[in-house]
Amino acid sequence: MAEAFVFYGLAALILGFAVLVISTRNTVHSVLYLVVNFLLVAMLYVMLGAEFLAAIQVLVYAGGIVVLYLFVVMLVNLKRPPETHQDPRRQTRLGLALAGAVLAELVAIIVYSSTGESVPAAAPAEAGMVEGNVEQIGMLLYTNYLIPFEVASVLLLVAMIGAIVLAKREL
Amino acid sequence: MVDTIVIPLLKIAILLNAVLVAVSYLVLLERKVIAFVQSRLGPMRVGPHGVLQPIADAVKLMTKEDITPARADRWVFTAAPIMVMVPALIVFAVIPFGPEVELFGRSVPLYITDINIGLLYIVSVASLGVYGIILGGWASNSKYPLLSSLRASAQLISYEVAVTMTLVSLVLMAGTLSMVGIVESQRDAGLWFVFAQPVAFAIFFIGGLAETNRAPFDMPEAEQELTGGFHTEYSGMRFALFFLAEYANMIVISSVATTLFLGGWLRPFPGVEGLAFLDLIPAWIWFVLKTFVFLYVFLWIRATLPRYRYDQLMRLGWKVLIPIAIGNVIVTGVAKVLL
Amino acid sequence: MLEITTTHYLVLSAALFMIGVIGVMVRRNIIIIFMSIELMLNAVNVNLVAFSQQWQHVVGQVFAVFVIAVAAAEAAVGLGIILAFYRNKETVNIDEMNVMRW
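Protein chains in written order, with my numbering: chain A, 32 to 202; chain B, 844 to 1182; chain C, 1234 to 1335.
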């Protein structure tokens, strides 16, 4: 009961702020709504029992990536807003209608397929080795997913160097 | 019912009030300490030796005219001080002031909650404080506040990397992210982590100075270059929120440093049996004492050291502290595997 | 209705994803488009975590961690490109980003 209230409240807020993100004219306000949206999604993760991911979401998304967006928005100090000269051939309404149709289709598929009896694809809980959310994630990251983990770290290094090369005026 | 709702609410109320009172008296303490360093008296008029000065300050700030600049972004301008203050306060939810104690026949833990991602929670909540600073400067629609807010946020983000790296080596030592667990692992090890991780402690302290925008890293508030900093356009209670948030952040950094490196509520040398008589002093008093020592060092440094130049500050953060912190993590990991 | 199942989370995630898609299609400001992509990545993460809870196995959360790492890399490089582009053409409108070199 309480869970349902929290879920529907959070879901309404998440979708509302997501709509605000893409509909606001002022880019800085848009970034702010994005932060709120990420914090709400972090709450959703807590509801789903993923505390570690919630903390990572706040730390990396809200505390890191979005600050980067805010910096860029302030550095790109616009003299003329980009939406002033619209492409007349752009069919916004048609796009919205199509997106709505696809969403309805997706929801229909999800609801239809979830009414049937579903079988776990893999044996569910084998991670009984350690207790706690953080420990379980750490265990998997450093055993089964060690290579993806290393690849991700190399990716981050490459991205870091790439960002410096791109953004620096002269090297 | 009592254990799940009443007691936590009471603890939250008491803690919030204690922190806010501590913050306002920290302002007075700073003025007194700096006056002492400079052979002055400091505030003396309100009450004996000026002890009622914080109340006079509060009355003054609340009755001042609250100005919003004409071209400012009204909503963001109002929200920014709140966005600085709230993260500084909610960090206290996971800081343990003492172990469980017996009060009126109930065992009450002297912390609001103990979550298994406590340290991550602190780091992630603290990283949200930067928004208030950036947006406060931006919403003022004024040149100097914008410049100083960009400086402040760049400084915060740079030093956050080094501080988080030191926390990694600390977690390697403790083997847990829970704040209570970290204190207990120091008790079991019989020594404060400051002796096991002196390098991490030094980097954490320097990074803490930089993250709270205190001297010698008070670049965002450099009066000579930037008039007043990101809150130049603020007045009245909204300015007071920025001002108090800075001091609240000092208390946060001090109490986190106490918990992580100075053994939290433990007495000095918890492994030495001969000093057991020190346990007669309640645990939370040890905690408050250690936090106070940190706060005093903060003020002492402000009164002593000159300000860094901005490029030197950035060089120190990126080219000195972060490499040392990463090296420290590697050394700790290797030592942990070998021993 | 009052029992929250994985399906509820999937529907929420689908709606969030679609809002992201609409943002990419409708807006011309490239920074907003980037933010819409972040919304879509978040929708994917909600999916992964919901499945992870359904099967009581943290592998979904591990993948969400990877998604966040990739999102961080994407944001850094993408914003670098935006800055470099803005220095040359003084615009963030993607309709004007129509040449490969100049």
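Honestly, the hints are just simulated from the structure, not real lab data.
These figures come from a predicted structure and were not determined experimentally.
Backbone N, C-alpha and C fix where the C-beta goes; we use that ideal spot for every residue, glycine too.
You may find that some hints are simply not true.
[Unchecked claim] Selected chain A positions facing chain B (Cβ under 10 angstroms, derived; list incomplete): (1) Glu82; (2) Ala85; (3) Val89; (4) Val138; (5) Ile141; (6) Tyr143; (7) Ser145; (8) Thr146; (9) Ile178; (10) Ile192; (11) Gly193.
[What the hints assert, rightly or not] Heads up, simulated DMTMM-like pairs for lysine to aspartate or glutamate below, C-alpha to C-alpha not over 25 angstroms straight-line: (12) B:Lys903 with B:Glu943; (13) B:Lys986 with C:Glu1329; (14) B:Lys907 with B:Glu943; (15) B:Lys986 with B:Asp916; (16) A:Lys199 with C:Glu1236; (17) B:Lys854 with B:Glu908; (18) A:Lys199 with B:Asp1154; (19) A:Lys199 with C:Glu1329; (20) B:Lys1162 with B:Asp1061; (21) B:Lys1179 with A:Glu34; (22) B:Lys854 with B:Asp1061; (23) B:Lys907 with B:Asp1031; (24) B:Lys1179 with A:Glu136; (25) B:Lys1179 with B:Glu1089; (26) B:Lys1179 with B:Asp1061; (27) B:Lys986 with B:Glu873; (28) A:Lys199 with C:Glu1307; (29) B:Lys854 with B:Asp916.
[Unchecked claim] Pair ranges (Cβ atoms, derived): (30) C:Gln1289 with B:Ile877: 39 to 49 angstroms; (31) A:Phe36 with B:Thr847: 16 to 26 angstroms; (32) B:Ile933 with A:Ala43: 50 to 60 angstroms; (33) C:Met1330 with A:Gly47: 50 to 60 angstroms; (34) A:Tyr39 with B:Val880: 40 to 50 angstroms; (35) C:Glu1323 with B:Ala1178: 45 to 55 angstroms; (36) C:Thr1238 with B:Leu1015: 32 to 42 angstroms; (37) B:Phe1135 with A:Val77: 58 to 68 angstroms; (38) B:Phe1120 with A:Ala43: 58 to 68 angstroms; (39) B:Leu1182 with C:Met1330: 52 to 62 angstroms; (40) B:Ile1169 with A:Ala139: 45 to 55 angstroms.
Task: Lys1179 of chain B paired with Glu1089 of chain B [C-alpha distance capped at 25 angstroms] - done: Judged against 25 angstroms, a Cα distance of about 37 angstroms means the pair is violated.
Open item on the list: Does Val138 of chain A hold up as a contact with chain B if the rule is Cβ-Cβ below 10 angstroms?
Closed with: violated (32 angstroms)
Open item on the list: So if I understand the rule, the pair passes when the alpha-carbon distance is 25 angstroms or less; does Lys1179 of chain B with Glu136 of chain A pass?
Closed with: With a Cα-Cα distance of about 54 angstroms, the restraint between Lys1179 of chain B and Glu136 of chain A is violated, given a limit of 25 angstroms.
Open item on the list: Under 10 angstroms is the threshold here; is the Cβ of Val89 of chain A close enough to any Cβ of chain B for the hint to stand?
Closed with: holds (4 angstroms)
- [ ] Would you mind confirming whether the straight-line C-alpha gap from Lys907 of chain B to Asp1031 of chain B stays at or under 25 angstroms?
- [x] Roughly 53 angstroms separates the two Cα atoms, so the pair is violated.
TODO: Assess, step by step, whether the Cα of Lys199 of chain A is no farther than 25 angstroms from the Cα of Glu1329 of chain C, and give holds or violated.
DONE: holds (23 angstroms)
TODO: Take the C-beta atom of Met1330 of chain C and the C-beta atom of Gly47 of chain A, compute their distance, and say whether it sits inside 50 to 60 angstroms.
DONE: violated (31 angstroms)
Task: Pair hint outcome, Lys854 of chain B versus Glu908 of chain B [Cα-Cα no greater than 25 angstroms] - done: violated (35 angstroms)
TODO: Sort out whether Asp1154 of chain B lies within 25 angstroms of Lys199 of chain A, counting only the CA atoms.
DONE: holds (16 angstroms)
Open item on the list: Please check whether Thr1238 of chain C and Leu1015 of chain B have a Cβ separation lying inside 32 to 42 angstroms.
Closed with: Check passed, 40 angstroms falls within 32 to 42 angstroms.
Task: Satisfaction of the hinted span 45 to 55 angstroms by the C-beta atoms belonging to Ile1169 of chain B and Ala139 of chain A - done: Because 51 angstroms falls inside the window, the suggested range holds.
Open item on the list: Lys199 of chain A and Glu1236 of chain C were given as a pair; does the straight-line alpha-carbon distance stay at or below 25 angstroms?
Closed with: violated (53 angstroms)
Hints 4, 5, 6, 7, 8, 9, 10, 11, 12, 13, 14, 16, 17, 21, 22, 23, 24, 25, 26, 27, 29, 30, 32, 33, 34 and 37 from the earlier list are contradicted by this structure; the remaining hints agree with it.
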